[in-house]
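One-letter residues, chain by chain:
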Amino acid sequence: MANNDNKIVFPGEVLSSAEEYVPGVNTLESDGYVKSLAFGRVMKDDNRMIIYVKTDKVRLKPRIGDICYGQLIKVDQRQAIVKIGGFSDPKLGLVPYTAEGYIRFGQGDRGRSNDIPNIRTGDFIRGKVLRIGQNFELGIMGRNLGVVKARCSRCREFLVMKNGSLYCENCERTEQRKYTADYGDMINFGDDIENRQ
Amino acid sequence: MPKDASGILSEIKKGYIINQLKNGKRGDGRSPEEFRKITIIPDYVKRAQGSAYVMLGDTKIIAGIKIEQGEPFPDTPNQGVLTTNVEMLPMAFPTFEPGPPNEDTIEIARVVDRGIREAKTVDLKKLVIEPGKKVWIVFIDIDVIDFDGNLIDACTLGALTALKTAVVKAEGMDEFKLPVDNLPISVTMVKIGNTLLCDPSVEEEQMAEARITVSTTEDGHIRAMQKGKVGSLSIDEIKNAISISLKVGSALRETYIR
Amino acid sequence: MGTESNIKLLDENGLRLDGRNEMELRPIKIETNVLERADGSAFIEWGGNKIIVSVYGPREAYPKHTQDIDKAVIKARYNMAAFSVDERKRPGPDRRSVEISKVISEALSSAVMVEQFPRTQVDVFIEVIQADAGTRIAGLTAASVALAAAGIPMRDMVVGCTAGKVDGKIVLDLSKEEDNFGQADLPMAVLSRSGEVVLVQMDGDLSVEEFNHATDMILDATKRIAQIQRDALVARYSVETQGGE
Chain S
8 MANNDNKIVF PGEVLSSAEE YVPGVNTLES DGYVKSLAFG RVMKDDNRMI
58 IYVKTDKVRL KPRIGDICYG QLIKVDQRQA IVKIGGFSDP KLGLVPYTAE
108 GYIRFGQGDR GRSNDIPNIR TGDFIRGKVL RIGQNFELGI MGRNLGVVKA
158 RCSRCREFLV MKNGSLYCEN CERTEQRKYT ADYGDMINFG DDIENRQ
Chain R
38 MPKDASGILS EIKKGYIINQ LKNGKRGDGR SPEEFRKITI IPDYVKRAQG
88 SAYVMLGDTK IIAGIKIEQG EPFPDTPNQG VLTTNVEMLP MAFPTFEPGP
138 PNEDTIEIAR VVDRGIREAK TVDLKKLVIE PGKKVWIVFI DIDVIDFDGN
188 LIDACTLGAL TALKTAVVKA EGMDEFKLPV DNLPISVTMV KIGNTLLCDP
238 SVEEEQMAEA RITVSTTEDG HIRAMQKGKV GSLSIDEIKN AISISLKVGS
288 ALRETYIR
Chain A
1497 MGTESNIKLL DENGLRLDGR NEMELRPIKI ETNVLERADG SAFIEWGGNK
1547 IIVSVYGPRE AYPKHTQDID KAVIKARYNM AAFSVDERKR PGPDRRSVEI
1597 SKVISEALSS AVMVEQFPRT QVDVFIEVIQ ADAGTRIAGL TAASVALAAA
1647 GIPMRDMVVG CTAGKVDGKI VLDLSKEEDN FGQADLPMAV LSRSGEVVLV
1697 QMDGDLSVEE FNHATDMILD ATKRIAQIQR DALVARYSVE TQGGE
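Residue numbers (this note's numbering), protein chains in the order written: chain S, 8 to 204; chain R, 38 to 295; chain A, 1497 to 1741.
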């Protein structure tokens, strides 16, 4: 159990001796003491004997499993490059975040028939963070992941959902995509996605 | 073209926002013609000859006036000089970069300038010290410190308030209030779907097809207009924008610039 | 230092033009989170100075060649508003503001845990809205608060103060007139707990004894200013927590 004694601390402040607690997030061991590295509240995990500082700022980095939105800027035989525009935070909604991600094509991620890719450059996608490295690896498997908005590859009008497939009203033709269940009818950008599966 | 982070997000949210607008609702619950909360603190910078701090929703700007002596332009030897400069500071938005003003910044400064110039708000003829040789130069400088859309209207309100508080002074000369009258109020609207929205937030600006600013004076005349963004407007939409501007603008004038 | 002049900066009781004694600071007020877009921000009023500081980051360093694979790069940008000084300041960087930006960046780099965020940059934008002597120190003091408000890990807070010599006497926190017509100006910033110096500049004429006296005064004053920094952070924190719960 984390025990929160609600004490507000500042960078450089001594929190405990190094014998009492193990330094956790936003702390540093120095000269036999655990010191705070941030402005925030002291948290103590007495089971694991960890002391750490919780800031009131949202975390700076997305985590594995987070939902993000982006635009495909390049699709080739092996992968798609995604320009990430933001992450969906349960509390804050869509939070802008500039980063680059990629979707690796393995089995099932790509359409089978004639190897026609069912995601295309320019598509807007909802992805899930699978791995965090220099760039984010994203997955688009699942009913609620994939293309949320796409343009007709011929006339660049946005495709609309019609009878269960994506349709260009201008060219009067359909296109294939790995689209999300809520394509064209997004109401919720974050926390509710999982519940709808 | 790949867009920047906020551009991608606004594209993704666009369908949702248009659907909401069909029910007459904006993202923040405003009606289409409603401005966000406006707070104006006049005389905010004592070191300037006139100044104002303006908060328009989360957009925050500081306008300051400096008045110095200089030469008139050769074609207007019997007039003072008015210049307007806007700085979109990098502190105001994650993608703003330091450096000389870009085209967006220059457009905003020129539209604000145009309204004030064409309404003859500042009586430049009274700013002559020695005809053809020495006149007063009025610098309107505006710092954008926090950006959430509609800089043109925020900057116009700031410039007007700062001009109204400005005093011309120099060593060995009589002080006098800057001659200011006939204030132009600008109202900026964007078109999303088929609706014109006043005082757009940054999100609304990004997803809008077209933007239009109409500056009007108390006599009901139009003093400056500017259409922006890549989309188009019909003549009827522009006429509608003008009547909205007159209506909303006179309410703004009564409340904030009186 | 400014030109020689006959202006008397101290009266017969040793009081200064604005009525302060030699140890007295001008009024200082700090507010945090004054801007919506920034990751952290602070507004400082120090005497007649009005300065806004905003912090963005850590974010990917751009352009890419400025990235450091071992640590974050702190990029401070000190800028004066055109209307912040008596004579209109032409917009854009000049040699003075570039130098000040550099020494502030370096001072903050010694406090921020830069090694935790390789390849990123932390932008610190310091905008002087109204200048009234001591802007670099006021800006740096506010920058430290903005960084803390942004939740950026730091080993210590940075806090600064100036001292100088007027009419042959060492005084704290120079006013504009004292800065213009005094005989020495010594801006200094330290890590608030350890007292390690992270910024020092000096111009004018000081004896070694005078320098020692001035630094003692500065160190004493930074303790008072550090408390103002902490109060500002806590004030906002409690308001936000109450609102959120």
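Heads up, some of the hints might be wrong.
What the hints assert, rightly or not - For the chain S half of the interface with chain A, some residues (derived, Cβ under 7 angstroms), not all of them:
hint : residue
1    : 17
2    : 18
3    : 19
4    : 33
5    : 44
6    : 45
7    : 46
8    : 62
9    : 64
10   : 82
The set of hints was computed from the structure by calculation and includes no laboratory data.
We put the beta carbon where it would ideally sit given N, CA and C, even for glycine.
Outcome of the hint check:
Because the beta carbon of residue 17 of chain S sits about 6 angstroms from the nearest beta carbon in chain A, less than 7 angstroms, this interface hint is met. With 7 angstroms as the threshold, the beta carbon of residue 18 of chain S comes within range of chain A, its nearest partner Cβ sitting at about 4 angstroms, so the hint holds. For residue 19 of chain S, the interface hint holds, the least distance from its beta-carbon to any beta-carbon of chain A being 4 angstroms, beneath 7 angstroms. Checking residue 33 of chain S against chain A by beta carbon gives a least distance of about 6 angstroms; that is within 7 angstroms, so the hint holds.
Below 7 angstroms, beta-carbon pairs count as interface contacts, and residue 44 of chain S has one with chain A at about 4 angstroms; its hint therefore holds. Annotation: residue 45 of chain S was flagged as interfacial toward chain A, and the flag holds, the nearest CB pair being 5 angstroms apart, inside 7 angstroms. Checking residue 46 of chain S against chain A: minimum C-beta separation of about 4 angstroms stays under 7 angstroms; hint holds. This hint holds: residue 62 of chain S has a C-beta 4 angstroms from the nearest C-beta of chain A, less than the 7 angstroms allowed.
Contact between residue 64 of chain S and chain A, as hinted, is supported at the beta carbon level, the nearest pair being about 3 angstroms apart and thus within 7 angstroms. Interface hint at residue 82 of chain S: violated, since its Cβ lies 23 angstroms from the closest Cβ of chain A, which is beyond the 7 angstroms cut-off.
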